[in-house]
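Protein chains in written order, with our numbering: chain W, 1 to 101; chain L, 102 to 590.
If you are wondering where the hints come from, they were derived from the structure by calculation, not from laboratory data.
The structure displayed is predicted, hence computed values, not measured ones.
Hints should not be assumed to be uniformly reliable.
What the hints assert, rightly or not - In the BS3-like style, the derived pairs of lysine-lysine whose C-alpha atoms are separated by at most 25 Å in a straight line are: (1) K445(L) - K31(W); (2) K514(L) - K249(L); (3) K195(L) - K81(W); (4) K195(L) - K31(W); (5) K495(L) - K562(L); (6) K562(L) - K361(L); (7) K480(L) - K11(W); (8) K344(L) - K495(L); (9) K382(L) - K491(L); (10) K358(L) - K382(L); (11) K195(L) - K445(L); (12) K31(W) - K514(L); (13) K480(L) - K366(L); (14) K361(L) - K491(L); (15) K562(L) - K344(L); (16) K98(W) - K445(L).
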Amino acid sequence: MSQSYSQNAEKIDVRYVAHLARLHLSDEETKQFQPQLEHILGYVHQLSELNVDGVEPTAQAFPLNNVLRRDEVRPSMDRDKALANAPVERQGQFVVPKIIE
Amino acid sequence: MSTLHKLTVHEVSDLLARGECSSEEFVHHLINMITVTDLQVQAYLDVDSARAMTDAQAADKARAAGDKRPLLGVPIAVKAVLNVAGWPCNCGSKILQGYLSPYDATAIARLRQQGAVIVGQTNMDEFAMGSSTENSAYQVTKNPWNIKCVPGGSSGGSAAAVASHEAIAALGTDTGGSIRQPASFCGCVGLKPSYGRVSRYGLVAYASSLDQIGPITKDVRDAALLLQAIAGVDPMDSSSVDKLVPDYLSALTPDLKGMKLGLPKEYFIEGLDPEIDRAVKAAVDQCRQLGAEIVEVSLPHTQYAIATYYVIATAEASANLARFDGVRYGARVEGEDPIDMYGKTRAAGFGTEVKRRIILGTYVLSSGYYDAYYLRAQKVRTLIRNDFVKAFEKVDAILTPVAPTAAYRIGEKTADPLQMYLGDIFTVTANLAGICGISVPCGFTSSKLPVGLQVLGPAFKEENILRVAHAYEQATEWHKMVPDTCCNV
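In isolation and in its complexed conformation, chain L is listed as follows (with noise of 0.2 Å):
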């Protein structure tokens, strides 16, 4: 029994189907893992004990009369951005803080349709911005491989609750690298699905061109099967695109024979620690082993990405966040008016970092700086769309590191928003071009935190990054390391 929390999601199916454990022994033993570990780690802002077992009871039932989905049973985590009828939703925010979701996100139900158990929700910078989890108004969350140092973010939670085996999978959203770049911290894998691929209803959003829902798992299989069972079009959701949902399992094979991948110039620059740089080539290297050809690409406009997505993010993230106004539901302060009411409730609910960035936004949209800000950065976002469009001729998949560092150190990067900013120069050109990308771990720094190796896709084309991360993956060991903060009763 007392390893069972570190097993996959498609090892805890197996184990449920085999009929070697129930579904409620198996939740009752993850929540106790969890009541111990996250003292240390704080992945999660709340766990429904009560109501995870009653769905896994009721799972155990299914299975009894015959039921063979594949999560059935499966206990799942979610990020706090992601409304589960009857749960709190804060967003790691003070505003909408008793705030209780009137219904199931379409990325929750489709989990609870393949019988998945909701265990409970993590942490996560608030409102999603932020690199670092350092930015929600609850807690901060550690990097299970070194609680001195943040499990990277805006899905920190998530990815540190799988790292440390609290969770078996979670979701996370990615905006501009917020599944990535955490499941590169935290050794994990990590899947932003293209844009449309998944309903985003039931999302709080906070930059709607770029958010994207998507697992963050222990190995490839699992993130293949969550994408499976979240993806397709939803009529809740008019940006969701109806194209036919492959079987992404079908595309995981041992080898890469027939497979070019290219290798971005822009992407191995000045500014890349030397481990990473040491790291990711090596896994290039693997991959050629395996059967991949490898190919310069170019991406010329790399250098303007992330001028060009916090023009972009902070400008639809300010108008995204207007409807939190101390109306209709979450904080209020009191005013004189209600102009007074808003700013005294937005004064009071909102964090620093959220305030910069309703700023930031506000005013690259504002009179006079329109065209010079935010129409600009569309133009520039073409310019890096086509750039993809143009490597994807050549290649199946690109090949990059996931930041040009490994975790850092909890408080080290706060004083300087600009310095947190860049860390994401490799994450936000995937959520601007609306591709696919995965964070599949690739080595340790000598500090022994995780590094991690993404793989860029063309738009719809999963199965091209969850082929080649796979095969890479399991040609290494580096997915089974577990961290000392893992329980191991």
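Just chain W, with the same shape it has in the complex (with noise of 0.2 Å):
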């Protein structure tokens, strides 16, 4: 439980995995998420400690492969329900801010 690994800290471009996440943030956020997110970083580096060489990536525990269930129509929730919390709706669509100039 040592923070003995945050010299090995990562320089993070804050401001550009925030826009990769579609996320604004004040400058303060950013000024605080700075030290914070490279300290934590700097923790998570002694993962290159260990040798995986040969060792299977863990996807989740218990793999299930092809969950099949049968090709048929099923009833699926309705659209008043579907559009029930959608935050601007017209003529039973979610309405975004025009896309297309």
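Work from the hints to combine the two standalone chains into their complex.
Right under this line is the structure:
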């Protein structure tokens, strides 16, 4: 439980990564996250100590393959219900800002 | 009438079956208790008294017609991350303010099929990201044993509600310890089922390869009862596993004869509070006296679990939370174009810890870092999982502390996220390995805060951990303690 890994801290471009995540950050948030994330990544860096040659990655503990169901029409949620939580809705559809000029 | 709210699920069930009280009377009493106690504890985000009373009346009618289901008319609280038709499901986040669930989660539907009455939704860390429930956008839930302390998290509302007897039992969710740790901090029982044991349909996803739904209860028998109700394969969740659900109640025995229990040295390390160490070691002795054979086991990759967990969980979270973009549900902040709208909506809707984890998760998945962080963490996850596979070749269950410390003061750890993460060291391993685990009360610190014993079992061997936890619990008095915040009128 030591923090001795911090010296290996990675530089992270918080603003760029936030852009990838479609998340606007304030200047204060960027300033606050920068050292915190580098501290955390420095700690995570200890994973590189381990030899993982030939080790298969685990995506989930009990992988199930080919979970199939019959290809048949089943009732789904009706449109009004699906639209009930929409922030903006018009003519039975979700409204978004204009995409194409 | 006055102490009805202190009963367990099986006691309420018996009481109702004997006709000594109606579900309507019982639920009415419980709601009165919530009204008083929750002013202080703030465990609930929403209580739907009208719906609960209607459902209780329906349960009474069914009983009069001969219905004998074990959960019939028994009130249960649920964490606000589970969809309950017609109710909010805000996940402790502003971004879902105003959202109303269009359907019941499978776990909720199964509780209803057993006749349970769902009373309300409990507070939580935003999107289950946190270990103290301080990350809720709505309120700070207090630990019923000391209102200056956190209840643990992320299912802190559920644990605090059960501990203060504002709930007879509750559902929580556990991605890295979020059922077991708050149960331990609040002195209740909390069970994380094996990955695939309980359907997650209708659970708002945090980290899909780790999330499980499970019960937080006043005793182990109740945990068995609730697990029985919610376990089993579901066509709506393709990660649920089609394995027979055994009769968990029949696994409960008064002794532990013939059982082999492992003690991993990697869980008794520097940084473990000496008071916790003593309480857990005393519990181990008690298990020995109950007939179990105690052997040492090794889980050599434990020290890498926190790093592995926070890479995998945040990576999955960054993908899962991409759906909150202001288009289909939740809050929206208008922008010049869709990208601008997403960015502004998410900036306004998410809290600090959620933003931090989204950025961390996006980073470890981004081009150039994927192999070094995410893929490597998935490989280390294999090593951690193999540690358990090997250990369970020798033993039926493993005994450990739940957390390195008891509940800490509100605000004590919020400034340093990594310190907060390190508190999850003993619980994240079970999620990474997909195995089951239970927290059961095993004592108090000198400042009268509860301590939990964790019992870990092989995947789909919930009966093992229930048996150990039950025999231990019945041989001790810890689970009978009641905090002062509990309404005693």
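Against the structure, the hints come out as follows:
Among the hinted pairs, K445(L) with K31(W) is consistent with the structure: their alpha-carbon atoms are about 18 Å apart, no more than 25 Å. Of the pairs offered as hints, the one joining K514(L) and K249(L) holds, with about 13 Å between alpha carbons and a cut-off of 25 Å not exceeded. Distance restraint check for K195(L) and K81(W): the Cα-Cα separation of roughly 22 Å lies within the 25 Å cut-off, and the hinted pair is therefore satisfied. The suggested pairing of K195(L) with K31(W) holds, with an alpha-carbon distance near 23 Å, which does not exceed 25 Å.
Restraint check: the Cα-Cα separation between K495(L) and K562(L) comes to about 14 Å, which is no more than 25 Å; the hinted pair holds. Simply put, K562(L) and K361(L) have alpha-carbon atoms about 14 Å apart, close enough for the 25 Å limit, and the pair holds. At roughly 24 Å between alpha-carbon atoms, K480(L) and K11(W) fall within 25 Å of each other, so this suggested pair holds. For the proposed pair K344(L) and K495(L), the alpha carbon gap of about 23 Å is at most 25 Å, so the pair holds.
In summary, the hint linking K382(L) to K491(L) is supported, as the alpha carbons are separated by about 23 Å, within the 25 Å threshold. Among the hinted pairs, K358(L) with K382(L) is consistent with the structure: their alpha-carbon atoms are about 19 Å apart, no more than 25 Å. Restraint check for K195(L) and K445(L): satisfied, since their Cα atoms lie roughly 13 Å apart, inside the 25 Å limit. Taken as a hint, the K31(W) and K514(L) pair is honoured in the structure, with Cα atoms around 19 Å apart against an allowance of 25 Å.
Taking the CA atoms of K480(L) and K366(L), the gap is about 23 Å. The hint holds against a cut of 25 Å. Among the hinted pairs, K361(L) with K491(L) is consistent with the structure: their alpha-carbon atoms are about 14 Å apart, no more than 25 Å. Among the hinted pairs, K562(L) with K344(L) is consistent with the structure: their alpha-carbon atoms are about 11 Å apart, no more than 25 Å. As the CA atoms of K98(W) and K445(L) are separated by approximately 16 Å, the hinted pair is consistent with the 25 Å bound.
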